[in-house]
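Whole structure, please, built from the sequences with the hints as guidance.
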Amino acid sequence: MGNNNFDPIPTNAGIGLKPQHYEEILSLGPDASPKIGWFEVHTENYMGAGGPPHYYLEKIRQDYPLSMHGVGLSLGTADGLNLDHLRGVKNVVDRYQPALVSEHISWSIANGVYLNDLIPLPYTAETLQITCAHIDQIQNFLGRQILVENPSSYLLFKSSNMEEPDFINEILGNTGCGLLLDVNNVYVSCQNHGWDARDYISRLKPETVGEIHLAGHSVKEWRGQSLRIDDHGSNVCNEVWALYDYTLSLMGPKPTLIEWDNNIPALMTLRQEAERANTLLNRDQCAKNSG
Amino acid sequence: MAGLFDIQDNFLSAILESRNDAIVDEILEHDLSVGGLSVQERLNIYRNNTFITLKRALAQNFPVLCRLVGQQFFDHMAGEYVQKHPPITPLLMTYGVKMPEFLDDFDAAGSLPYLADVARLEHLWNMSFNGPDSEGFDLEELNKVDPEKFEDIILKLLPNMQLMSSIYPVLDIWLANQTEEGASTTVNLERGPCHLAIYRKAQEVEIMPLDPASHAFFGLLGAGKTLGSALVQMTGKYPAFNLQEALQNIMRNNLIAGFEFAK
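Order-wise, the sequence lines are chains G and D.
Positions in the first sequence are counted from 1; adding 57 to them yields my numbering.
Positions in the second sequence are counted from 1; adding 993 to them yields my numbering.
Source of the hints: derived by calculation from the structure; they are not laboratory data.
Among these hints, one or two may not hold up.
[Unchecked claim] Reference listing, derived: stretches of chain D covered by chain G, where coverage requires no fewer than 3 residues with Cβ under 8 Å from a Cβ of chain G:
1. 1002-1014
2. 1043-1051
3. 1072-1084
Just so it is clear, CB atoms sit at the ideal spot from N, CA and C, and this is done for glycine as well.
Spelled out as structure tokens, the structure:
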């Protein structure tokens, strides 16, 4: 117990930590099969001063590597980062020493109002400059590299004059941050905007990818056209598994998270999804080792 | 074409105030002849997502309020709250700090005058749940104090302790509405005012009803008064106040986090 405290995230599947599962995780212990490789939490959920969230995370942290995934820094906000929030993130990162810290290529704060959603950015030189400056500021303040996640979206801005994978590559090149490649987001956005998902993924640089996200989404029909909604409320669909398989074939195995934030199922369902990812990861691991 | 600041400002107006006119020009129109969504409908996805998730956060933070008014009314009320008081921080665990004053001015809730105080209690419960942990305190430390210095003691109660008073029996209302089944229980509003301490010792939040004098005493301690000066103020206002009993009550319930001496 406690020996893997500051280990990096292993190249296997982890799951998102939810309060509904705290007790079960503690009673299972870290060796229960199928084994849970690591946990990811939403940073903001552990930014209160004390109480049960910290009580449980302290315990679970002793047995599992941890990743902290933020939703509140609003990297693309035009009017500057919320420095109180950044200090709060630093406090919780210093406290739990997660192996990975990540955020999103999107915005959620304007005029000081937090919209609790990850809203897409216009892909312009101005946005690139603002987003990169914020990532530099965060990495300097935290004293570490962060990963940034590609968004899912339902609309595009007329002023965009860069394609999303190019915009992402520019960010990674300018700031030295890593990519949290959300394969479900790639699939959702490509379907919604008529882009080619395999082309999107093949334009990313494998060495920049520090983590992969897999999640479920829903499909809505509007006047004969379907729209994919990134709601993290169901199993990963077969199309996304296929795109994940393709991603691994290009990039080799990467730490992979099963994200499930709404209609949260039994822990066993998450462990089974993680096992499915592990099967693909192990296959690629073997191929890599023997090749 | 607008810069990023204006795009975000206009997007915010579209989401919170349904003022879409400025932002629609910035968004790519898809070919509607093949079906699919208009720009307005695409914006609506973001608006709905913001409102649904923030209303859900309020329902989580105010479960008893939600039971008292019913899901449908709560949904309507929470929507107005989000519009009037959108969050100004990404920490939603205590979102809704202005709910009591919002309810005071919310005409549709006028027939249930105690709602604002129930909301106050639920907010303080959240503050206590997420508030600082206490280290634990050994009462022996107090016994070692030289009796002559006793009145200079500044007693620190649990750092997550919150106090409130209401002219309504809000604790009874809160207790009766912990489950859906309980929501039909009748609470006698004539039972009148109550004074409460809300705190968390380990992982469970507790609510302790207090008599008016104890409530005032806890308030003086919370304000950092020494025992001596608290006693002077208490005996002026509550002639029957008994310091020893009050301290025993505090010690018996392990409400002390520590103490120091006035400089």
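Structure-based check of each hint:
1. 1002-1014: n = 5 at 8 Å, threshold three: holds.
2. 1043-1051: The restraint on the segment 1043-1051 of chain D holds, since 4 of its residues have a Cβ under 8 Å from chain G and three suffice.
3. 1072-1084: Check passed, 6 qualifying residues.
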